[in-house]
Amino acid sequence: MTNNALPQAQLSDKHFQGNFFEDFELDDLIRHATPRTITEGDVSLYTALTGSRFVLYCATTVANACGFARTPVDNFLVFHIAFGKTVPDISLNAVANLGYAECQFESPCFVGDTLSVESKVIGLKENSNGKTGIVYVHSVAKNQHNDIVVSWKRWVMVRKKVASAPTGIDSLPNLASTVTITSQLIPQTLDFAQFDNASSGSNHRYHDYQVGEWINHVDGMTINPSDHSLATRLYQNNAKVHFDAYAMKSARHGQPLVYGGHIMSICRALSHNGLANGLWLAAINGGSHTAPSFAGDTIYCVSQIMDKGELPDRTDLGWIRVKTFGVKNLTLQQISDFIDDQTLWDEHKVLELDYTLLCPK
Amino acid sequence: MTNNALPQAQLSDKHFQGNFFEDFELDDLIRHATPRTITEGDVSLYTALTGSRFVLYCATTVANACGFARTPVDNFLVFHIAFGKTVPDISLNAVANLGYAECQFESPCFVGDTLSVESKVIGLKENSNGKTGIVYVHSVAKNQHNDIVVSWKRWVMVRKKVASAPTGIDSLPNLASTVTITSQLIPQTLDFAQFDNASSGSNHRYHDYQVGEWINHVDGMTINPSDHSLATRLYQNNAKVHFDAYAMKSARHGQPLVYGGHIMSICRALSHNGLANGLWLAAINGGSHTAPSFAGDTIYCVSQIMDKGELPDRTDLGWIRVKTFGVKNLTLQQISDFIDDQTLWDEHKVLELDYTLLCPK
Amino acid sequence: MTNNALPQAQLSDKHFQGNFFEDFELDDLIRHATPRTITEGDVSLYTALTGSRFVLYCATTVANACGFARTPVDNFLVFHIAFGKTVPDISLNAVANLGYAECQFESPCFVGDTLSVESKVIGLKENSNGKTGIVYVHSVAKNQHNDIVVSWKRWVMVRKKVASAPTGIDSLPNLASTVTITSQLIPQTLDFAQFDNASSGSNHRYHDYQVGEWINHVDGMTINPSDHSLATRLYQNNAKVHFDAYAMKSARHGQPLVYGGHIMSICRALSHNGLANGLWLAAINGGSHTAPSFAGDTIYCVSQIMDKGELPDRTDLGWIRVKTFGVKNLTLQQISDFIDDQTLWDEHKVLELDYTLLCPK
Numbered sequence: 077m078t079n080n081a082l083p084q085a086q087l088s089d090k091h092f093q094g095n096f097f098e099d100f101e102l103d104d105l106i107r108h109a110t111p112r113t114i115t116e117g118d119v120s121l122y123t124a125l126t127g128s129r130f131v132l133y134c135a136t137t138v139a140n141a142c143g144f145a146r147t148p149v150d151n152f153l154v155f156h157i158a159f160g161k162t163v164p165d166i167s168l169n170a171v172a173n174l175g176y177a178e179c180q181f182e183s184p185c186f187v188g189d190t191l192s193v194e195s196k197v198i199g200l201k202e203n204s205n206g207k208t209g210i211v212y213v214h215s216v217a218k219n220q221h222n223d224i225v226v227s228w229k230r231w232v233m234v235r236k237k238v239a240s241a242p243t244g245i246d247s248l249p250n251l252a253s254t255v256t257i258t259s260q261l262i263p264q265t266l267d268f269a270q271f272d273n274a275s276s277g278s279n280h281r282y283h284d285y286q287v288g289e290w291i292n293h294v295d296g297m298t299i300n301p302s303d304h305s306l307a308t309r310l311y312q313n314n315a316k317v318h319f320d321a322y323a324m325k326s327a328r329h330g331q332p333l334v335y336g337g338h339i340m341s342i343c344r345a346l347s348h349n350g351l352a353n354g355l356w357l358a359a360i361n362g363g364s365h366t367a368p369s370f371a372g373d374t375i376y377c378v379s380q381i382m383d384k385g386e387l388p389d390r391t392d393l394g395w396i397r398v399k400t401f402g403v404k405n406l407t408l409q410q411i412s413d414f415i416d417d418q419t420l421w422d423e424h425k426v427l428e429l430d431y432t433l434l435c436p437k
Numbered sequence: 077m078t079n080n081a082l083p084q085a086q087l088s089d090k091h092f093q094g095n096f097f098e099d100f101e102l103d104d105l106i107r108h109a110t111p112r113t114i115t116e117g118d119v120s121l122y123t124a125l126t127g128s129r130f131v132l133y134c135a136t137t138v139a140n141a142c143g144f145a146r147t148p149v150d151n152f153l154v155f156h157i158a159f160g161k162t163v164p165d166i167s168l169n170a171v172a173n174l175g176y177a178e179c180q181f182e183s184p185c186f187v188g189d190t191l192s193v194e195s196k197v198i199g200l201k202e203n204s205n206g207k208t209g210i211v212y213v214h215s216v217a218k219n220q221h222n223d224i225v226v227s228w229k230r231w232v233m234v235r236k237k238v239a240s241a242p243t244g245i246d247s248l249p250n251l252a253s254t255v256t257i258t259s260q261l262i263p264q265t266l267d268f269a270q271f272d273n274a275s276s277g278s279n280h281r282y283h284d285y286q287v288g289e290w291i292n293h294v295d296g297m298t299i300n301p302s303d304h305s306l307a308t309r310l311y312q313n314n315a316k317v318h319f320d321a322y323a324m325k326s327a328r329h330g331q332p333l334v335y336g337g338h339i340m341s342i343c344r345a346l347s348h349n350g351l352a353n354g355l356w357l358a359a360i361n362g363g364s365h366t367a368p369s370f371a372g373d374t375i376y377c378v379s380q381i382m383d384k385g386e387l388p389d390r391t392d393l394g395w396i397r398v399k400t401f402g403v404k405n406l407t408l409q410q411i412s413d414f415i416d417d418q419t420l421w422d423e424h425k426v427l428e429l430d431y432t433l434l435c436p437k
Numbered sequence: 077m078t079n080n081a082l083p084q085a086q087l088s089d090k091h092f093q094g095n096f097f098e099d100f101e102l103d104d105l106i107r108h109a110t111p112r113t114i115t116e117g118d119v120s121l122y123t124a125l126t127g128s129r130f131v132l133y134c135a136t137t138v139a140n141a142c143g144f145a146r147t148p149v150d151n152f153l154v155f156h157i158a159f160g161k162t163v164p165d166i167s168l169n170a171v172a173n174l175g176y177a178e179c180q181f182e183s184p185c186f187v188g189d190t191l192s193v194e195s196k197v198i199g200l201k202e203n204s205n206g207k208t209g210i211v212y213v214h215s216v217a218k219n220q221h222n223d224i225v226v227s228w229k230r231w232v233m234v235r236k237k238v239a240s241a242p243t244g245i246d247s248l249p250n251l252a253s254t255v256t257i258t259s260q261l262i263p264q265t266l267d268f269a270q271f272d273n274a275s276s277g278s279n280h281r282y283h284d285y286q287v288g289e290w291i292n293h294v295d296g297m298t299i300n301p302s303d304h305s306l307a308t309r310l311y312q313n314n315a316k317v318h319f320d321a322y323a324m325k326s327a328r329h330g331q332p333l334v335y336g337g338h339i340m341s342i343c344r345a346l347s348h349n350g351l352a353n354g355l356w357l358a359a360i361n362g363g364s365h366t367a368p369s370f371a372g373d374t375i376y377c378v379s380q381i382m383d384k385g386e387l388p389d390r391t392d393l394g395w396i397r398v399k400t401f402g403v404k405n406l407t408l409q410q411i412s413d414f415i416d417d418q419t420l421w422d423e424h425k426v427l428e429l430d431y432t433l434l435c436p437k
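Chains A, B and C supply the protein sequences, listed in that same order. The first sequence: position 9 = 85 (the numbering used here), numbered continuously. The second sequence: position 326 = 402 (the numbering used here), numbered continuously. The third sequence: position 55 = 131 (the numbering used here), numbered continuously.
Just chain A, same shape as in the assembly (with noise of 0.2 Å):
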């Protein structure tokens, strides 16, 4: 064949183009494809990608004193590269990912582990425009020891592939709106006993945090064409959505969209300072994305504290309850200002994570 030949043959229909809201039936079980080896190099990407100081995934010195025998990964990262896995088979057609509830972190991950994902299908329901629906899927990662890593339950709006009348799907699942912390959530061996604040930079433990306070995390960090593309590459999510400014152009923003787990990386990231002894990421207990988010946004936040509790035999440590506002493109002195100001908040908020950490005694 020479350079400039035309093909004759047909195209084939080898390459898939994701599932419709057609494709999803109550209780299917979707085993997802490329399990995936976590490594060093994935750990230092996201210290690059993100910034974060958490000094339990920073230094072995810690882990160990913390109980682990090597340097777990960070959670938020567990998260992603097991997320990512669910988007061909869930959301490759999704108009909107809708919301998150129930993320467990049941046994913690470390460098060389290999996570497996599978989802089934909780839930079904039509839209009355009958060209789109709602698909709830319950998603649980597995290490090769086949123990579990972390589970979710999440909705994304999918479109249906030829619109209809409605059909009447509508099949709801029960959703807890906070994950109950339990010995189950916190890992075996760890123990904060001996936890010092010096390692950290804090004095802030569980006890001087008070429900309803909120904490102005200050710093802000703008996103760069590469940074979130390569954060979303690493995390083999391959929603068009992310990766194609040429399509991008005649969709509705006119640009890719920044993955949503990005910017909830970055407030964390921005959140060590004010949070910086929340070391532990036990449970999501729901997100929501509330406006997209672009390269050259610049990302802030504020959390306020939600719930603290304490848990039977454990004299080291409490859990407790965040909710992280992420904001863009705000001064300072609005981001004070926010709080009180519903107009900025609702122009500028992107993200609303409510989440719960095991802080030390």
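A few of these clues could be false.
Put simply, identical chains are the same to the list, so a pair is met inside one copy or across any two.
Cut-off 30 Å, straight-line C-alpha distance, at most; resulting in silico cross-link-like pairs (DSS-like, lysine-lysine) [said to hold, decoys possible]:
hint, residue 1, residue 2
1, Lys325, Lys236
2, Lys437, Lys237
3, Lys384, Lys207
4, Lys437, Lys90
Bear in mind the hints are in silico, worked out from the structure with no lab data behind them.
Once you've looked at the hints, dock chains B and C against the given chain A.
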């Protein structure tokens, strides 16, 4: 010396400006600098830079099931790192990278292996303008055990130091149009008998591909400025055209060129959608960069199955010869159309890559 | 709490806004947060961010031949990670990073080592405007065995919390203009007797460099937006001026500043072309960032050999003191000219770095 003192001494000549056409002689053997140990960090960066999802390189569990004691390194990454070693000696003064041939992967590469690269000059042809010539080299990368990992031939147009009437140098090498797949190009322990389609997400195996069949890989990837420069620096490829935007402002295209190998890797990553079980790159039969790419371009690709074949005594796998065409900045409709449209084809094509994959039966 | 609920509680003061001039006292010892384990991922990212090709850090085989059981980590990377630890306590409110001195590398750093950093306040000088002062610190990074890896002095101009009539604080430390190279600054097992020029690609060794000689490193490197922010986040350096483009729009330069250390590393990487056998960084005698750099700038550099010397009982190596001048946005002709042109020099220079390299004899 004070901060603003002006120097009195002359500049030394210790910097290297690259070889010119007159610097090469037939049968020269060039030992390239900077042997390189490949690490887990390189592997993660390759994922972050390309989004590649070929599962043999992603999960230790899958690599083990395919007969490897450890996860092999993607041969495209191996090629780029080995290729980068040859740039300072061969193509720093290249006008154009004209082509590749006979690239064959003889031993798998693992994290911790150190590659050393040598090239032999196998052909020289002066151009009739007296200003440039074509240099043909055969490059060989070996690991620390002196096993050949990959070898290839390539030819580049190189400037002459001094333009002159042509001297008649015209010695062309033999170049095979395809690499014959023998057992030598199959890693010793490789065995696809236990390969599970669920790990790759595709049910299409060796017998499902027909010679002549076209696959539209559908997805697109926009190249952000840091993406390609990070990749090219990772490969320690120091060709100026990729890095010096200030100097390139006054060059033909007014901006840095994307390293052609990055386009190869993006196309390979996109080809996962339709070729997910083309797991092992055994050979690159030929390749040419038919137009330059720049930051901001969005890359798509289509592939045609050129040939396929089986090997005696291998019931677990066969080989598939694929030609992948990289194109840029087309709508999805245009990508479907362009196969029959010579004009679109000519205006948007950036890459032709002819390569051979091992695929489970 | 609903999505749009407005908070009632007051903001807490748990976030940290950095230390001001009044917060420092002479002889204060500050233990910096976030000890950091260096990994293979960090090393690969450093290569991807700088393109560095100094072979001692690239190949286990070469490191072994030079007496190291494992590949050492590039001391520039070690410095940036150690330096990053000091930023939250020392320079978050810095107006300017004024200089470095007496930076000496005492023990080699290997993948897996954990660095912890402390600083002592060794000088304080209030400025006559009553608004700012200069803080001098001596910082020491130790590994998990309590060996000193690197120590340095630096001074920064820091804002006062409250402008006032000057209080007369004026205590200056002694600062040596160069670090004396003793056997203490040579890694115990280092031996260049078996070093092979072919591995670095350069035949220029200790005896080939003359005091006063200038080297034009020729090559240029453009800084893309994500390049410098990835580097600075990898080092966990959280100075706002590098990350918050929104806030920087209203600051003096209208955009984020590139971390000066990234310029140092780019110049070091470019200096390979002419100084490829300047393998081991023993000391940084002094450094100053003479102008800020921004995304989009293209960096070039020239170096002058300032001094050289031998050590008793070392037949394998000598030291070379080098001053490297980083410049930006010059044509190749201008770079050759600027050494004799005070105007070009003043307008384009961004870095002066005075350092000492160990070089095979």
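How would you label the pair Lys437, Lys90 (within, between, both, or neither) given a Cα cut-off of 30 Å?
Answer is between: at 16 Å across copies they meet the 30 Å cutoff, but 56 Å inside does not.
If the cutoff is 30 Å on CA atoms, where do Lys325 and Lys236 land: within, between, both or neither? Let me know, please.
within (23 Å within a copy, 44 Å between copies)
Regarding Lys384 and Lys207, is the shortest C-alpha distance of 30 Å or less found within a copy, between copies, in both, or in neither?
Neither: 42 Å inside a copy, 43 Å across copies.
For Lys437 and Lys237, with the copy left unspecified, which applies at a CA distance of at most 30 Å: within, between, both, or neither?
This pair counts as neither: shortest intra-copy Cα distance 53 Å, inter-copy 32 Å.
Comparing the model with each earlier hint shows violations of hints 2 and 3; every other hint is respected.
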